[in-house]
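Undergrad: Which chain is which? The protein sequence lines are A and B, in order.
Residues 1 to 259 in the numbering used here are what the first sequence lists, from first letter to last.
Residues 1001 to 1129 in the numbering used here are what the second sequence lists, from first letter to last.
Heads up, some of the hints might be wrong.
Stated by the list, open to error - Result set (BS3-like, lysine-lysine): computed pairs, CA atoms no more than 27 Å apart in a straight line:
id: 1; chain 1: A; residue 1: K3; chain 2: A; residue 2: K244
id: 2; chain 1: B; residue 1: K1010; chain 2: A; residue 2: K107
id: 3; chain 1: A; residue 1: K120; chain 2: B; residue 2: K1111
id: 4; chain 1: B; residue 1: K1070; chain 2: A; residue 2: K120
id: 5; chain 1: A; residue 1: K189; chain 2: A; residue 2: K51
id: 6; chain 1: A; residue 1: K181; chain 2: B; residue 2: K1118
id: 7; chain 1: B; residue 1: K1070; chain 2: A; residue 2: K169
id: 8; chain 1: A; residue 1: K182; chain 2: B; residue 2: K1070
It is worth saying that the hints were derived from the structure and are not from the lab.
All values derive from a computational prediction rather than experimental measurement.
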Amino acid sequence: MSKIIAVHSYKGGTGKTSISVNLAASFVKMGKKVCIFDLDFRAPSLFAILKTPNAEYWFNDYLNNTCEISQALVDLSSRIPGDGKFYACLANPATEAIRDMSSKDRKWEMRALGRLLALKEALLRDQKFDYLVFDTSPGLQYSSINAIVAADFVVVATTGDRSDVDGTKRMLAELYNLFEKKTGVVFNKVLDPSATAKRAEMQQKVKTDYHVPLLGMVPCFCEILRAEGNFIFVQDKPDHPFTKIMAETANKIANDEID
Amino acid sequence: MIRNELSSKKPLTILEKIEESLERLNDKMEVMIEIQRNNGNDSNPKNTPFLPDASLDVMTLLSMPDHLRKTAMTICRCGRATAEEISGQTTRARAVESAYLNQLVIMGYLKKQRKGRKAYFYVDRESQS
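Required output: the full structure, derived from the provided sequences and hints.
TA: This is how it looks when you write it as structure tokens:
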């Protein structure tokens, strides 16, 4: 069943964008039609990571109601050969655009929520997309809460950092639960996850601290840091353990194996 | 013959008007029952400022009492719906949803439009500029 997936976190630097791009790419490798959206309007990054050609329209323009969604999509299917289709809808990285998006009022945000909700009809129903992946900004900001409300499923990226754990707990109780969202956690940058005891401890920790299912546990891979966001990791390194973890996470979401 | 037609149509029209008035009365009573039920609670709309065209944004949704948030979230997703359609999604009784929807109308978050016997509720996103 087609879904909107929001990738969110309490703090910045938890690996949201890396997880969003590689989760989306994992779905494409499964033969799905996928679009990734940059909802981090204050610090756009997908434009640089995906090295897309200049878009005629940005996601900002769609939310500002100055273009249709089809005009803001960039076709990147050639990056991942196979039956899948890969599109991106990017946030405008220009300083003026960031300033404009930072000064929106509540009524604009309300209309933006309407435009996000309309993507279900325009893309999932009419253009037969399988997954829309929202890469959000961290914490409690309008754009990220709008994304969570519009999403069918929320992937929460978290690390072992104490402040991140506390904040994530609060967000689970006071944000995702209030909106009755299906949620799963990806534990990122885990040190020494190969030890069985460590893995069991982390699984237990997620269960008791967060009360939501653990989607995946991603070790702190130096190769990902070395890549510096220069390529789509799961496509360029098909045999890497990170690629397998992302494929497993995508499979769990696709098959609704989330208890 | 014309007299016969008129005499048969008139009572029907009157009955339809009575039915429509009763439905409006019923809606108002449901709202009053709901207000009374939540008396003393923070969710009491008497404590909430009623603003014409108040914006139903995500921060407003977050600050709403649980029972109203569920209805408001559902209407946000549907765009436009009757109390019956909302009740189909929330699995709460139609009368309950009708009361909550009317409460949201009074609070300025939703608009209500009657079409024949049906009352449609919607978030008026476009006119709020």
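Undergrad: Give a verdict on every hint.
TA: Hints versus structure:
1. A:K3 - A:K244: Holds, at about 22 Å.
2. B:K1010 - A:K107: Judged against 27 Å, a Cα distance of about 47 Å means the pair is violated.
3. A:K120 - B:K1111: With a Cα-Cα distance of about 23 Å, the restraint between A:K120 and B:K1111 holds, given a limit of 27 Å.
4. B:K1070 - A:K120: Distance of about 20 Å is within 27 Å: holds.
5. A:K189 - A:K51: Measuring from Cα to Cα gives roughly 25 Å; hence the hint holds.
6. A:K181 - B:K1118: Cα-Cα ~31 Å, so violated.
7. B:K1070 - A:K169: 22 Å, holds
8. A:K182 - B:K1070: Holds: A:K182 and B:K1070 sit about 15 Å apart, inside 27 Å.
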